[in-house]
Amino acid sequence: MMVAKEVFIINQITNNSIRVKKINQELIKQALKMMGQGTKSMIANVTGLSVATCGNILNEFLETGEVIETELEEPNGGRPARRYVYNSNFAYIACPYASSEGGQHSLTYVVTNLIGETLDEGCQKVSLADASAIDGIIESLVDKHPDIKALGIGIPGFVHQGVINVCDIAELINIPLEAQLRESMSLRLQSTMI
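Taking my numbering, the leading residue of the sequence shown gets 18, the next gets one more, and so forth.
Hints listed in this document are in silico derivations from the structure and should not be mistaken for laboratory results.
One or more hints might be untrue.
Stated by the list, open to error - Below 30 Å or equal to it, Euclidean Cα-Cα: the simulated DSBU-like pairs (lysine-lysine) are:
#, residue 1, residue 2
1, LYS39, LYS142
2, LYS39, LYS50
3, LYS46, LYS161
4, LYS161, LYS142
5, LYS50, LYS38
6, LYS166, LYS142
7, LYS142, LYS38
8, LYS142, LYS50
Please model the complete structure; the sequences and the hints are all you need to start from.
What follows is the structure in structure tokens.
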């Protein structure tokens, strides 16, 4: 029985360590977005993290391409510090919104980078704004912008436990849209109800 308790405690510690690391990563991303660029020391000052922690996380981000190393800081007596910039084009976010007004169905979309700059936007009239039409517009956006890594779907209705319960578009009612899109796309989805 003691072994099971120890495994539970170890799993809990591991889970907490992973959470702390994710929080620290987000702190560094937000600091770089806010500052525009910074050295390890500057980022540590803004986030309250140690310079070593910032350095380790920045090295991971450099490997993935989420952070870019720029010119060196002007030396002031010692070795010049490296400057880092958040790579806002590391990934894109697609946000399609299905609507129906006066019997007219449309799919409005926007594609942004990671700091919210609009890269593409538009509106398509469709005969029916159903799951197939939404999947189709997402597929065309991903073909056009292969760096799309996340989706935020907007519908004029409510979703409960992944299923659209109430919606102005009758064809979407009782549809598990998120599950269907997860199945057809290898993207991280975030449901957005308006």
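Tested hints:
1. Using a Cα cut-off of 30 Å, the hinted pair LYS39 and LYS142 is violated, with the two alpha carbons roughly 40 Å apart.
2. Taking the CA atoms of LYS39 and LYS50, the gap is about 16 Å. The hint holds against a cut of 30 Å.
3. About 26 Å separates the Cα atoms of LYS46 and LYS161, which keeps this hinted pair within 30 Å; it holds.
4. Our distance criterion of 30 Å between C-alpha atoms is met by LYS161 and LYS142, whose separation comes to about 19 Å.
5. Between the alpha carbons of LYS50 and LYS38 the distance comes to roughly 18 Å, so the proposed pair stays at or under 30 Å and holds.
6. Proposed proximity of LYS166 and LYS142 is supported: the alpha carbons are some 25 Å apart, at most 30 Å.
7. Of the pairs offered as hints, the one joining LYS142 and LYS38 is violated, with about 44 Å between alpha carbons and a cut-off of 30 Å exceeded.
8. Restraint check for LYS142 and LYS50: the C-alpha separation of about 36 Å exceeds 30 Å, so the hint is violated.
The structure does not agree with the numbered hints 1, 7, 8 stated previously, though it agrees with the rest.
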